[in-house]
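Engineer: Next come the chains, spelled out residue by residue.
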Amino acid sequence: MAFVNLKKKEVQAKIVYYGPGRGGKTTNLEYIYSKFRSRIKTEMVTIKTHGDRTLFFDFLPFNVGKIRGYDVKIQLYTVPGQVKYDATRRLVLRGVDGIVFVADSMAVRREKNILSLRNLQKNLATFKKSIFKIPIVLQYNKKDLEEQGIPLLPLQTLEKDLNSQLKAPSFEASALMGMNVVPTIKKIISMTMASLLMELK
Amino acid sequence: MTYMLGQEQLDAIEQVLLEDLFDVGVNCIFLIDMAGNVIANLDDGEIKHDIYSLAALAAGNFAAVSTMAKIVGEDEFSLLFHKGEKESIHFSKVLTDFLLITIFGKGISLGFLRLKVAEATEKVKKILEPSCAP
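Sequences listed follow chains A and B, in order. Residue numbers are given in this note's numbering: position 63 of the first sequence equals residue 63, and the series is strictly consecutive. Residue numbers are given in this note's numbering: position 44 of the second sequence equals residue 44, and the series is strictly consecutive.
Because the hints were derived from the structure by calculation, they are not lab data. Take the hints with a grain of salt, since some may be wrong.
Stated by the list, open to error - Straight line, CA to CA, 30 Å or less: simulated DSBU-like cross-link-like pairs of lysine-lysine: (1) A:LYS66 with A:LYS187; (2) B:LYS93 with A:LYS84; (3) A:LYS122 with B:LYS70; (4) B:LYS48 with B:LYS123.
With the sequences and hints as input, model every part of the structure.
Structural biologist: Now the structure itself:
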């Protein structure tokens, strides 16, 4: 639910990082936070357990700058990935304008990715939103593990499993190393903005 | 769903917040939507709260409490209030999609605050209703 403030000429929109637990959603935000420190005036907010897992969400406000004369403020959120936190995951999705689905490229996580994407579809439906209509970008994370000899899913498998119907833009990435983290966010911001403009027409 | 508020509406909202809440001694007031976007905010200039983080957490907190209410068989809990040593915070739902949050000190009683918040909520509702989708 994006908000357009005509008085301040400001747009606020919400982008949520979704995906299976330990997939790198929080790491994406942490990288963005460190990379764009000068643009982010506040601290990153995280609500996590003692074991360092996301309990409710992470939050990072991000000033994109001006687009068509409007100051664009993007609110970045992550959801808790663990299956048991479905209720809180749904709460974070409320009013979402764009989604980054962070999949785990490790071969052992194949099923978890598929289940998480289905869970996203189901949770979006509770807000009467379709996964096929909302702006979405897929990110196949943890590419850096390849060097350590950890078996990863080939790109074709990931695309077939997760993107054969969605046909969304996708990036192979390493949130830890910062590889393709910025292109991912740029893509979802431009898709979200395009979708908002369409809605406002 | 995207919604838009114009200068007149935002001015009118700020006027209500100013007259009904700020002028009676509330330190910081903000109106947000349930997605955590900040629609309007007023403060005394001395408080430097991070409004955007507060809004995100407040929306999340409110949503979590509403869900708890439903689990125990309530439609919602009518009083949402956290008391601190110096500052306290009060939440009030406006229509289905908005939240009015007030931060106030010891100089104002909870009962009086609730009364003023209820009045302001009614006025803000009337301003928001025509332009916001349900």
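Engineer: Keeping to a limit of 30 Å between CA atoms, is the pair of B:LYS93 and A:LYS84 held or broken?
Structural biologist: holds (28 Å)
Engineer: Quickly compare the C-alpha distance for A:LYS122 and B:LYS70 to 30 Å and report which way the hint goes.
Structural biologist: This hinted pair holds, its Cα atoms lying about 20 Å apart.
Engineer: Checking one constraint from the list: CA of A:LYS66 to CA of A:LYS187, max 30 Å. Satisfied?
Structural biologist: The given pair, whose Cα atoms are some 16 Å apart, holds under the 30 Å limit.
Engineer: For the pair supplied as a hint, B:LYS48 and B:LYS123, is the alpha-carbon distance within the 30 Å limit?
Structural biologist: With a Cα-Cα distance of about 27 Å, the restraint between B:LYS48 and B:LYS123 holds, given a limit of 30 Å.
Hint compliance for this structure: every hint is met.
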